[in-house]
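Visitor: Mind assembling these two chains? They're in different frames, but the hints should get you there.
Quick mapping for you: the protein sequence lines, in order, are chains G and Z.
The first sequence runs contiguously to residue 152 in the numbering used here.
The second sequence runs contiguously to residue 276 in the numbering used here.
Where hints are given, some of them may not hold.
Stated by the list, open to error - Calculated cross-link-like contacts (lysine to aspartate or glutamate; reagent style DMTMM-like; alpha-carbon spacing at most 20 angstroms):
(1) K110(G) x D50(Z)
(2) K129(G) x E39(Z)
(3) K61(Z) x E21(Z)
(4) K110(G) x D272(Z)
As the list claims (entries may be wrong) - Ranges of calculated distance between the beta carbons of each label pair, as one might list FRET restraints:
(5) E109(G) x P169(Z): 16 to 26 angstroms
(6) K154(Z) x A134(G): 19 to 29 angstroms
(7) P176(Z) x G115(G): 18 to 28 angstroms
(8) T249(Z) x K117(G): 32 to 42 angstroms
(9) S224(Z) x T122(G): 41 to 51 angstroms
(10) E109(G) x D241(Z): 14 to 24 angstroms
(11) T122(G) x P180(Z): 45 to 55 angstroms
(12) P143(Z) x T132(G): 52 to 62 angstroms
Just so you know, these hints were derived from the structure itself, not from any lab.
Ideal Cβ positions, reconstructed from N, Cα and C, are used throughout, including at glycine.
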Amino acid sequence: MINLRSLRKPLRNIALCMLFLAESGAVTTVPGAQAGAVTSTEKGPPVGQKIPAFTAHDQFGKQQTLASLTGSEGLVLLFVRSADW
Amino acid sequence: MSYDNPEILKEFAHRFHVTYPLLADPQSEVIGRFGLIDPDTSPANLLEDSKTGLAYPGFFFVAPDGTIKEKYFGEKYYDRFTANNVLVKLFPELLEPSVTHASDAHIRVDLKQSDGSAVIGSRVTFVATVHLPQGVHVYAPGVKGYKPIQLTLQTEGLPMKDALYPPSHPLTFGELQETVPVYTDTFEIRQDVLVLLDKGLRQEYMKFQGGRDSGTLVPVRGQLSYQACTDKVCYPPATLALQWMLRIHQMDNERSPEAIRDRRQQ
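So here's chain Z without its partners, still in its complex pose (with noise of 0.2 angstroms):
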């Protein structure tokens, strides 16, 4: 649903092939109703012609009985949930196998995303899933006394949410019976990334008007600093190096005809 007439959505359906419903809500009569009006009417929020109404970018998911069961909204209009993001929240079995991963004495990382390319204004996911030796554990955040373990993203331009950890488990051992929070096995973390880009970098992609290009593939470098230890021996604290890929495509700017547009509403 958007604030468009159905003209524009009829022409945007026919120039993407979309076949499914496009609502219009040309008043934001549902949008109000909803709650869901960006307030921001500032020029840099709307083009030079936008009508006000405009509605926050976000997902419903509805069960038969009208329950809302899930939603996703990002705090900005610029921070949209990628399809895949949401369907890998849903379903995290939808994950591709990774393609690349990192090791070293005590650990080994798969590097998995949500999506391999995405356009300026949404937001991927990005997961380590972390398997570890049998005997081995490594501490969860909240631990006192020991390292945890912490993945972080180096991400230039490309701001993160906080990242996601698993529930940890109990674990007591050692002379002093000690009982901490730890991971064993297999686990997954994950961040979620803003593709966003910087000012100027941005304004480099604004220029391409109309179809998409082949975009950039840009490297997202982290680490994953953890200790890991036994019943019997605790390993001193490491860091291993990380890297996912990401294309990045520029924004499909493709106006409809203008004889159908909106014009703003004074």
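Isolated chain G (complex conformation) (with noise of 0.2 angstroms):
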């Protein structure tokens, strides 16, 4: 388990962020993965390869891209299967 109080504030915040992702799908910006991928199948574009463009209502009716998600250290964008299962 991952012990949030001992990590440095914007380690947590990632933490926190990644907390909440577990519970649905979002994207949320994060400081930059380290080096060393891990890849567990090949679905979907590979590692090292860019990141299809995209654009896509949220759920506040605003209209999202590829960069208006980007933030200064990357992205974290997970797909899940509903919010409605």
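Guide: So this is what it looks like as structure tokens:
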């Protein structure tokens, strides 16, 4: 288990975001991932490739793009099956 | 991102107090462009009124210039990495200090895990951190003529993924000046486990509707077999019993209100 209290603040924020991510499909910005890729399967574009551009509305009705979602340190993009399951 | 319409995401975000963007892809157009549509449309894989075009669940970590740095996808839709599982792969130092350990004459093992609790259909990492006294080594997988260290979990209903062993280093010792792959000092063996349970247990869990139960605490038992040696003597092969605890929760089965649900596309 991760002890959130022991983390440096920026890292703690990522951890909290990720814990919420566990509940649902979402995107959020986080500091860049470390080197040393772990790829479980060949699903989706491979590590090292550019992510495909996309446009989608969020739950607030705002149109989001790869650019609008990417922060100074990058982006975590999580695909989930459904929020209504 | 999911194939839900924005109304469903709005209702879900309200219910779970989500403030970060949930992206709607109701035509599965983006999901398709990413090559992530799950082709399995058998009834067992869908709800009665599900549309087709469901995405495989998984994570992408993307650098500011758009390059994919990491990705985490399981083999099946019910093989979901927990957020903590991904976090401890990216930042191993985040694993909480263990509260349990096992030891015998030549070895001490701290037991850690990515998650103390998990829902069915998620993937959890169990970690054995091995501490050896100075001057003692154990043999790494691939060694010839000696017993390599091996972590085995007896996880009934919890399928295992391949154990991940750290890189070994060569050691030359003895009168024969043999060179063999070994571990010394402190090292970690990691084992991902899929929280799936058998069909009967799963059906029991599926009976719950809405909200979360307090979970069921399940022991995850394992053993570490190894042979410890110094440069002078090899001790007999030994086996150490290990046990982690995992609280398993039911899935969240709460649906969105009937009026805003998407209907199966014909």
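Visitor: Given the hinted pair K61(Z) and E21(Z), is their Cα-Cα distance within 20 angstroms?
Guide: holds (19 angstroms)
Visitor: In this structure, is the beta-carbon distance linking K154(Z) and A134(G) contained in 19 to 29 angstroms?
Guide: violated (55 angstroms)
Visitor: Is the Cα-Cα distance between K110(G) and D50(Z) 20 angstroms or less?
Guide: holds (14 angstroms)
Visitor: Are P143(Z) and T132(G) spaced within 52 to 62 angstroms by their CB atoms?
Guide: holds (57 angstroms)
Visitor: With 18 to 28 angstroms as the target window, see if P176(Z) and G115(G) comply at their CB atoms.
Guide: Given a distance of about 24 angstroms, which is inside 18 to 28 angstroms, the answer is holds.
Visitor: Please check whether T122(G) and P180(Z) have a Cβ separation lying inside 45 to 55 angstroms.
Guide: holds (53 angstroms)
Visitor: State, for the Cβ atoms of S224(Z) and T122(G), whether the hinted interval 41 to 51 angstroms holds or is violated.
Guide: Given about 42 angstroms between the Cβ atoms, the range holds.
Visitor: Quick one: are E109(G) and D241(Z) within 14 to 24 angstroms, going by C-beta?
Guide: violated (45 angstroms)
Visitor: Given the hint that K110(G) pairs with D272(Z), does the C-alpha gap stay at or below 20 angstroms?
Guide: Violated - the C-alpha atoms of D272(Z) and K110(G) are around 26 angstroms apart, more than 20 angstroms.
Visitor: Looking only at beta-carbon atoms, does the pair T249(Z), K117(G) fall within the given range of 32 to 42 angstroms?
Guide: violated (49 angstroms)
Visitor: Can the restraint linking K129(G) and E39(Z) be considered satisfied, given a maximum Cα separation of 20 angstroms?
Guide: Within the cut-off at roughly 18 angstroms; holds.
Visitor: Do the beta carbons of E109(G) and P169(Z) sit within 16 to 26 angstroms of each other?
Guide: At 20 angstroms between Cβs, range holds.
The structure is inconsistent with the numbered hints 4, 6, 8 and 10, although it conforms to all the rest.
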